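Visitor: Residues per chain, in single letters:
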Amino acid sequence: MRIRDLSPSDFRTRLGGDGIRLATGPFNCRLQSGIGEIADELARLYAHHTLVDSSAFTDFHIAVQPGHGLRRWLRPQALFSVDSVEPFTPLPRAQALPMLEWGLNWCVTAYSQHILVLHAAAVARGNRAAILPAPPGSGKSTLCAALVNRGWRLLSDELTLISLETGQVMGLARPVNLKNASIDIIRAYAPDAFLTRPVRDTTKGTVALMAPTAASVEAVATPATPTWMILPRYRAGTDAILSPMGSGNAFLQIADNAMNYHILGEQGFEAVGRMVDSCQSFGFEYSRLDDAIAVFDRLAAEAESEAR
Amino acid sequence: MPVQRYVAAAALLEGLQFVLWKEVDEGWVRFDPTAGQTLLLAPISRFLLDQLSHPGSALSIDDFVAAVLLEEPDAPPDDCRLAVSAAVDALAAARLIEQHRPS
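Note that the protein sequences, when read in sequence, are chains E and B. For reference, each letter of the first sequence is one residue, going 1 to 308 in the numbering used here. For reference, each letter of the second sequence is one residue, going 1 to 103 in the numbering used here.
The following block holds chain E by itself, in its conformation from the complex (with noise of 0.2 Å):
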């Protein structure tokens, strides 16, 4: 069962009470919030995902709950909270769709010592993924939903989880965070993915959550081997244009974008020299999305081609 079989009053019930239980890739997650507010846009962003029975293993109870006592009327508040920890200062309420995505993000960080995680998008054709590291303001994002939005399935949009047993991505196909000039090119690029309303003043801007695809959601359980790392920069103006990377320059890239790698040592440290040699690495500037995904198209195209 899906959560798009629940009808919106049965999600609303059941998220303002005993949680949402959800499989997103490796984790099982159980959402709660007294915030009805959010209940519409969570159902559509995650209407693809699996419910998870209760009698499952729950890696993550998380809950965004609004703020106690006047907090509730005066500058409301929505809080965030992990196993009914509350690692995080309250935020407006008007944020809190944006704190639970952001939360999850922080509970995979921070309780993945099993994973190699990266800060990284990840999308693949096939069995193939193209991983793409980069800093903030890059174009990470929102290439990563330009690609999701013609035919690549998306893996991750900010953390790309590598098994340290087989080195392949772990898909965990959650929404993308678009923020600020992003938010209006991909409604105007892809107007049928459903984006949630845009939320205003957060620290990182303006931000709203795009739906991952329901072939995304339903193939999150397929694997895909490290293929392309490709390090984006968006360049008003410029061709779409990949520069091939060493892989010794790769490697620090990747290393650099690592959130657990020196907590992993060896493991760290022989996870990211196998993603280096699995993948043909590039730096790539772009500035038009249709460009740059005839480029990803492209390596897809040629790889394929010389597998047969």
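What the hints contain is simulated information worked out from the structure, not anything from laboratory work. Misleading hints may appear alongside valid ones.
To be verified - Derived, one-sided and incomplete: chain E residues facing chain B with beta-carbon distance under 10 Å:
{"no.": "1", "residue": "Met245"}
{"no.": "2", "residue": "Ser247"}
{"no.": "3", "residue": "Asn249"}
{"no.": "4", "residue": "Ala250"}
{"no.": "5", "residue": "Leu252"}
{"no.": "6", "residue": "Ala255"}
{"no.": "7", "residue": "His262"}
{"no.": "8", "residue": "Phe269"}
{"no.": "9", "residue": "Glu270"}
{"no.": "10", "residue": "Val272"}
{"no.": "11", "residue": "Asp277"}
Quick caveat, the model's predicted, so the values are computed rather than measured. All C-beta atoms in this analysis are idealised placements derived from N, C-alpha and C, irrespective of residue type, glycine included.
Let chain E serve as the given structure and place chain B on it in line with the hints.
Guide: Chain B alone, transformed into the frame defined by chain E:
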């Protein structure tokens, strides 16, 4: 004027048995899990580091050049000296080696 010699930094020798290496296009990636440090080294830098990895080794630029020429007899000596000097500067900047100060 005394000849300047270089030695391995103390931290380098202490964690030597834990250091991991991976060969890459540009040379070598060196990971020291004790220091939590990952560095990309040119092949010549690793070669020089290996020369200093025995406790008590203190080598000058001339010594390094001689070691490189022993390994690569066809290398032009002037180019070799330039490459050695650049590598020594890079290793010192990364605090893997330091100037030897006899007590």
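Visitor: Hint by hint, note whether the structure agrees.
Guide: Now for the hints, and whether the structure bears them out:
1. Met245: holds (9 Å)
2. Ser247: Because about 4 Å separates serine 247 of chain E from the closest Cβ in chain B, which is inside the 10 Å limit, the hint holds.
3. Asn249: Constraint on asparagine 249 of chain E satisfied, holds at 7 Å.
4. Ala250: With a minimum Cβ separation of about 8 Å from chain B (threshold 10 Å), the hint on alanine 250 of chain E holds.
5. Leu252: holds (6 Å)
6. Ala255: Hint holds; alanine 255 of chain E Cβ to chain B Cβ min 5 Å, cut 10 Å.
7. His262: holds (5 Å)
8. Phe269: It holds, given that the least Cβ distance between phenylalanine 269 of chain E and chain B is near 5 Å, below 10 Å.
9. Glu270: holds (8 Å)
10. Val272: holds (9 Å)
11. Asp277: It holds, given that the least Cβ distance between aspartate 277 of chain E and chain B is near 9 Å, below 10 Å.
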